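Here are the chains, one letter per residue:
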Amino acid sequence: MFIFVVSFLMYLLLVWSGGAIPLIEVLIALILASVVTVAFRSWHRGRKISTRGLDPKRWFGFFHYLFGPFAVGLAKANIDVAKRVITGNIRPGIVKVNPGLTNDVAKTLLADSITLTPGTLTVDIDEEGSFYIHWIYVEDENPTEEQLYGSFGHWARRLAE
Amino acid sequence: MFLIVGIFIIIGLGFNLLGAFSLYRFPDVYTRLHGATKCTTFGTLFTMFAVVAYSLGRLVSTGEARFAVFIIHGAVAALVLLITNATGAHAIARAAHRSGTLPARAVVDRLEEKEEAKGGTPR
Amino acid sequence: MTIYIFLFAAALVGLLAVAVLGRLVAGPTIADRAVALDTMNTLVVGLMMILAAVYDSVVMVDIAIVYAGLSFVGTMFIARFIEGEV
Numbered sequence: 000m001f002i003f004v005v006s007f008l009m010y011l012l013l014v015w016s017g018g019a020i021p022l023i024e025v026l027i028a029l030i031l032a033s034v035v036t037v038a039f040r041s042w043h044r045g046r047k048i049s050t051r052g053l054d055p056k057r058w059f060g061f062f063h064y065l066f067g068p069f070a071v072g073l074a075k076a077n078i079d080v081a082k083r084v085i086t087g088n089i090r091p092g093i094v095k096v097n098p099g100l101t102n103d104v105a106k107t108l109l110a111d112s113i114t115l116t117p118g119t120l121t122v123d124i125d126e127e128g129s130f131y132i133h134w135i136y137v138e139d140e141n142p143t144e145e146q147l148y149g150s151f152g153h154w155a156r157r158l159a160e
Numbered sequence: 000m001f002l003i004v005g006i007f008i009i010i011g012l013g014f015n016l017l018g019a020f021s022l023y024r025f026p027d028v029y030t031r032l033h034g035a036t037k038c039t040t041f042g043t044l045f046t047m048f049a050v051v052a053y054s055l056g057r058l059v060s061t062g063e064a065r066f067a068v069f070i071i072h073g074a075v076a077a078l079v080l081l082i083t084n085a086t087g088a089h090a091i092a093r094a095a096h097r098s099g100t101l102p103a104r105a106v107v108d109r110l111e112e113k114e115e116a117k118g119g120t121p122r
Numbered sequence: 000m001t002i003y004i005f006l007f008a009a010a011l012v013g014l015l016a017v018a019v020l021g022r023l024v025a026g027p028t029i030a031d032r033a034v035a036l037d038t039m040n041t042l043v044v045g046l047m048m049i050l051a052a053v054y055d056s057v058v059m060v061d062i063a064i065v066y067a068g069l070s071f072v073g074t075m076f077i078a079r080f081i082e083g084e085v
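Chains as they are written, first to last, in numbering that gives the first Met the number 0: chain A, 0 to 160; chain B, 0 to 122; chain C, 0 to 85.
Derived from the structure by calculation, the hints contain no laboratory data. Errors might be hidden in some of the hints.
Said to hold, decoys possible - With beta-carbon atoms standing in for the labels, derived distance ranges:
1. A:Gly87 to B:Ile3: 46 to 54 Å
2. C:Leu20 to A:Phe39: 36 to 44 Å
3. B:Thr61 to A:Val5: 28 to 36 Å
For clarity, every value in this text was computed on a predicted model and none was experimentally measured. C-beta: ideal position from N, C-alpha, C; glycine also.
Kindly generate the complete structure, drawing on both the sequences and the hints.
So this is what it looks like as structure tokens:
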């Protein structure tokens, strides 16, 4: 359901060129969204149609996250990496942390956030949900979640679990 | 508008330059991924902001709907770039580790320890 | 006047995309080359956006979106190849 609505709206957004949208474009958008949804369901059989992804509170939370903590983290990450590029002060290593997430969407959101924030890069995720993270300056060989990515684990849990 | 666009372009170009430079500066794949992914994504985002700010100025001064379309498409391009770059970097890092490239000068490598504990192929 | 800033930026980003070629040729492992290619793709997307503003065409932004998606598919395919699963 989520995929259907998002692909429908995205097509209309990209096809809009000032003024009203003709009816034929809406029909094409409906057909294309149906094709995408059917293809997705044939890859992931047995998934129920759910409307969890359409909850407006989640969407507001997502945009709040994108323009609030995430933007600040992105800016800090880039200044940090820029300093390291210039000075060459690195102490790399791969550390392990388990945030205890079960949902695939939450894992993806957290992994992408980790990759774009200070000095960390997700390398692998195993079956138990442990993240293996490449850290450009290892401060602690057994780090806590707070040290690695601050409040992002809390946000991922709130938005997608 | 001239000033805002100029500042955005200068920030974007600076980070792009650092990202390209980090490819030659760092010793192995993982650290290069850090520099290349973060800095070029951030720099390209800022050049896109400059383009969006420029079209916003044109939209206000001329009032043509064409520039609104420009802004929407630019925002979609920025979002696509943000998601695909992070995921692509993750895929390259995982593939590099699985193919046996170990991080240079690493102080700790938990993933390699786990592979050895599982009795995987020694590298 | 602002056009000249954009033209200058486009020239510099193009130069950077060429400068990355050194790592693409010299990289000791395939993963290094994949990183260089990924960086180059990102820079080309930025270049397309700037040129779209200079030449005032919305179509070029659409091409940039499609290019970003296709370069992502290419990167994923190279990653699968490095893992040896293709």
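TODO: Using the Cβ atoms, figure out if A:Gly87 sits within 46 to 54 Å of B:Ile3.
DONE: violated (33 Å)
Task: Range agreement (Cβ of A:Phe39 with Cβ of C:Leu20, hint 36 to 44 Å) - done: holds (38 Å)
Task: Range agreement (Cβ of A:Val5 with Cβ of B:Thr61, hint 28 to 36 Å) - done: holds (32 Å)
The structure shown violates just one earlier hint, number 1.
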